[in-house]
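Chemist: Residue numbers (my numbering), protein chains in the order written: chain U, 133 to 387; chain D, 133 to 387; chain P, 133 to 387.
What the hints contain is simulated information worked out from the structure, not anything from laboratory work. Nothing false has been slipped in among the hints.
In silico contact screen, one side only, chain P against chain U (beta carbon under 10 Å); selected entries:
#, residue
1, T163
2, G204
3, F234
4, N237
5, P361
6, G362
If you want a taste of the chain D side facing chain U, the calculated C-beta under 8 Å gives, among others:
#, residue
7, A175
8, M182
9, D370
Quick reminder that beta carbons are idealized off the backbone N, C-alpha and C, glycines included.
The chain contents come next:
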Amino acid sequence: MHARVELADMAADVLARVRDRAPRVHCITNTVAQNYTANMLLAAGAVPSMTISPEEIVSFIASADALLVNLGTFDAERRAAIDVALGAVGAARMPWVLDPVFIENSPGRAQFARELLARGPTAVRLNAAEFAPLFGGDPADEAASQVAKACATVVALTGGTDTVTDGGRRVVIGNGHALMGEVTAMGCAGSALLCAALGVETDAWLAAVAAIAALGVAGEIAGLTARGPGSFAGAIIDALHGLDRATLHARIKVA
Amino acid sequence: MHARVELADMAADVLARVRDRAPRVHCITNTVAQNYTANMLLAAGAVPSMTISPEEIVSFIASADALLVNLGTFDAERRAAIDVALGAVGAARMPWVLDPVFIENSPGRAQFARELLARGPTAVRLNAAEFAPLFGGDPADEAASQVAKACATVVALTGGTDTVTDGGRRVVIGNGHALMGEVTAMGCAGSALLCAALGVETDAWLAAVAAIAALGVAGEIAGLTARGPGSFAGAIIDALHGLDRATLHARIKVA
Amino acid sequence: MHARVELADMAADVLARVRDRAPRVHCITNTVAQNYTANMLLAAGAVPSMTISPEEIVSFIASADALLVNLGTFDAERRAAIDVALGAVGAARMPWVLDPVFIENSPGRAQFARELLARGPTAVRLNAAEFAPLFGGDPADEAASQVAKACATVVALTGGTDTVTDGGRRVVIGNGHALMGEVTAMGCAGSALLCAALGVETDAWLAAVAAIAALGVAGEIAGLTARGPGSFAGAIIDALHGLDRATLHARIKVA
Numbered sequence: 133m134h135a136r137v138e139l140a141d142m143a144a145d146v147l148a149r150v151r152d153r154a155p156r157v158h159c160i161t162n163t164v165a166q167n168y169t170a171n172m173l174l175a176a177g178a179v180p181s182m183t184i185s186p187e188e189i190v191s192f193i194a195s196a197d198a199l200l201v202n203l204g205t206f207d208a209e210r211r212a213a214i215d216v217a218l219g220a221v222g223a224a225r226m227p228w229v230l231d232p233v234f235i236e237n238s239p240g241r242a243q244f245a246r247e248l249l250a251r252g253p254t255a256v257r258l259n260a261a262e263f264a265p266l267f268g269g270d271p272a273d274e275a276a277s278q279v280a281k282a283c284a285t286v287v288a289l290t291g292g293t294d295t296v297t298d299g300g301r302r303v304v305i306g307n308g309h310a311l312m313g314e315v316t317a318m319g320c321a322g323s324a325l326l327c328a329a330l331g332v333e334t335d336a337w338l339a340a341v342a343a344i345a346a347l348g349v350a351g352e353i354a355g356l357t358a359r360g361p362g363s364f365a366g367a368i369i370d371a372l373h374g375l376d377r378a379t380l381h382a383r384i385k386v387a
Numbered sequence: 133m134h135a136r137v138e139l140a141d142m143a144a145d146v147l148a149r150v151r152d153r154a155p156r157v158h159c160i161t162n163t164v165a166q167n168y169t170a171n172m173l174l175a176a177g178a179v180p181s182m183t184i185s186p187e188e189i190v191s192f193i194a195s196a197d198a199l200l201v202n203l204g205t206f207d208a209e210r211r212a213a214i215d216v217a218l219g220a221v222g223a224a225r226m227p228w229v230l231d232p233v234f235i236e237n238s239p240g241r242a243q244f245a246r247e248l249l250a251r252g253p254t255a256v257r258l259n260a261a262e263f264a265p266l267f268g269g270d271p272a273d274e275a276a277s278q279v280a281k282a283c284a285t286v287v288a289l290t291g292g293t294d295t296v297t298d299g300g301r302r303v304v305i306g307n308g309h310a311l312m313g314e315v316t317a318m319g320c321a322g323s324a325l326l327c328a329a330l331g332v333e334t335d336a337w338l339a340a341v342a343a344i345a346a347l348g349v350a351g352e353i354a355g356l357t358a359r360g361p362g363s364f365a366g367a368i369i370d371a372l373h374g375l376d377r378a379t380l381h382a383r384i385k386v387a
Numbered sequence: 133m134h135a136r137v138e139l140a141d142m143a144a145d146v147l148a149r150v151r152d153r154a155p156r157v158h159c160i161t162n163t164v165a166q167n168y169t170a171n172m173l174l175a176a177g178a179v180p181s182m183t184i185s186p187e188e189i190v191s192f193i194a195s196a197d198a199l200l201v202n203l204g205t206f207d208a209e210r211r212a213a214i215d216v217a218l219g220a221v222g223a224a225r226m227p228w229v230l231d232p233v234f235i236e237n238s239p240g241r242a243q244f245a246r247e248l249l250a251r252g253p254t255a256v257r258l259n260a261a262e263f264a265p266l267f268g269g270d271p272a273d274e275a276a277s278q279v280a281k282a283c284a285t286v287v288a289l290t291g292g293t294d295t296v297t298d299g300g301r302r303v304v305i306g307n308g309h310a311l312m313g314e315v316t317a318m319g320c321a322g323s324a325l326l327c328a329a330l331g332v333e334t335d336a337w338l339a340a341v342a343a344i345a346a347l348g349v350a351g352e353i354a355g356l357t358a359r360g361p362g363s364f365a366g367a368i369i370d371a372l373h374g375l376d377r378a379t380l381h382a383r384i385k386v387a
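Could you build all of it, start to finish, from the sequences and the hints given here?
Modeler: Have a look at this one:
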């Protein structure tokens, strides 16, 4: 339904706007992922902020362009911060992304993720193992479209290939590299990039396609020179930083 | 007592099993070390998880293969998490490793480490400065064997050379590189690797030998190309990721 | 007023003393910056410690050489730790550095920073956006000198160029690289290096010049080979680790 060239162009437009406008993404995320997430956002041209202090999170969100809610660390302080933050985001009609990290390992975390889903995230990025505890059912492409429609959100289901759907439109992105699964917080960084794209693009499906495709293409480029996951972790940041329209056109794989 | 070739083969077997079975290591560790520890575990083929939330740590441990207890940040939340986690580990008869980071700088932390030692870790990894506050006495090879026997644990005393002993068996490993001491959390990562090995090998002494030797050999390989500690930090992850039986045979140094 | 060659020599002397004496810098800093700050300190030859537990922070500070107070995460636990730490530092007459990260985004954080300023930091490192909320007024060179004099502190105002002043002496350092602004926690790491220099040099202005110039020169060297911010983050650590007197002489730019 969407021509490959058209999607490459739209993704390149979104990335160019991120670099131009430098949206600030406020991240409520786990301590494992914070540093890498911040560096990935900076490489894309966005600006990260990370505080979870309840006293000041509203002030930080007031001047932000998007919010990331990542459940990678599920402590009481972060849960309180998320509640305050979603109140501020709702008032500001700001886009926000839910990343339900590792909910398959903890019923309490899964329950909390379902409550957050009911608060209407602009998009959800997750992997196959996290799909059933959040949405019920198997993580097939068709199921992703159904839950996206039912929840009125965009679902970005990432893995060997990445499916992005808003219920109506659906694209399967075939970019990426096996080493992306061997660097911690790579998925978290993808969710943060999705926030950056939402900060400059009101079509949430398109923002998600742009962010996921850009990270996948950057991963392929990093894979050309990396000698393992250690060098890959830096190389994908380099590649994202240098990613241009011609490279997106040459490499993007959509179906 | 153990031939060099035999140990290299046994270490290679343990590493192969880690890659094959992908044991999950639950890490209660400090925020300085979390990201690097996770990436080191992934490079070895293991799966990290890191939550310290008391509500869900039992659930995470139920599906884990080993537990790391690292005292690098000694806050109230982590102390509570450790207590809950050790209860769950005891019930599951799961291996766990104590890493008494920096206890020489804090009497309270040293006292807490001694209480944890009394709860029977499968292994303890520490450096020379941490030896006396935990065990009393000087960190000589003979002393390490004595305390390992007295505490019915495996002691991995790392530094210029690394001593691994269970009281009966003792080996001194001569691999490693000076830059390993100039990257933060390298010791923490070594303790995490030891957990990964314990997740697939019931002989805790052998698991410790495999983990410590593998990290030392990876460090030597990283040292061949690193231009300083910044590039070394990534290169040792690359080297661990690519480490094969032939390289272990060629490089392992034991006495 | 200070000849370029003279400053290069003094900076090289300070760095040599850091490597020789390995001062321990206790860092109360945010979780985004902890790992990178620790690695930067190690690369310079200093020793990092990071605990914020109120029970043991006094014990850690008792054997430290300098304290970093970074406001990058403004949670209740860190605020309490800062209060306890400053009490211990005052008793020990130990140098300490205030880094008022992101105070332009939060009135509460800015107010807290002003209270800390009243407790007499040895030096303050900040960027232009943080200047007005802390000191009032525009971040011009002349204003930096005035507030340094009024507050009896050293001000290191970093950005495209870096101004270091104690009210009497003022130098503008022209080293650095654009990618330094695209790696998270680079400013935080600069503040930590300033602490390391203060641990071996009682002239706080000179310590600040040495730290800021060294980081800027290391950044220039890293920029020669980096392919983007990912590789730059490691390369600047390599460059700082290998920085020698001849390179400082050849590259330092002061006005």
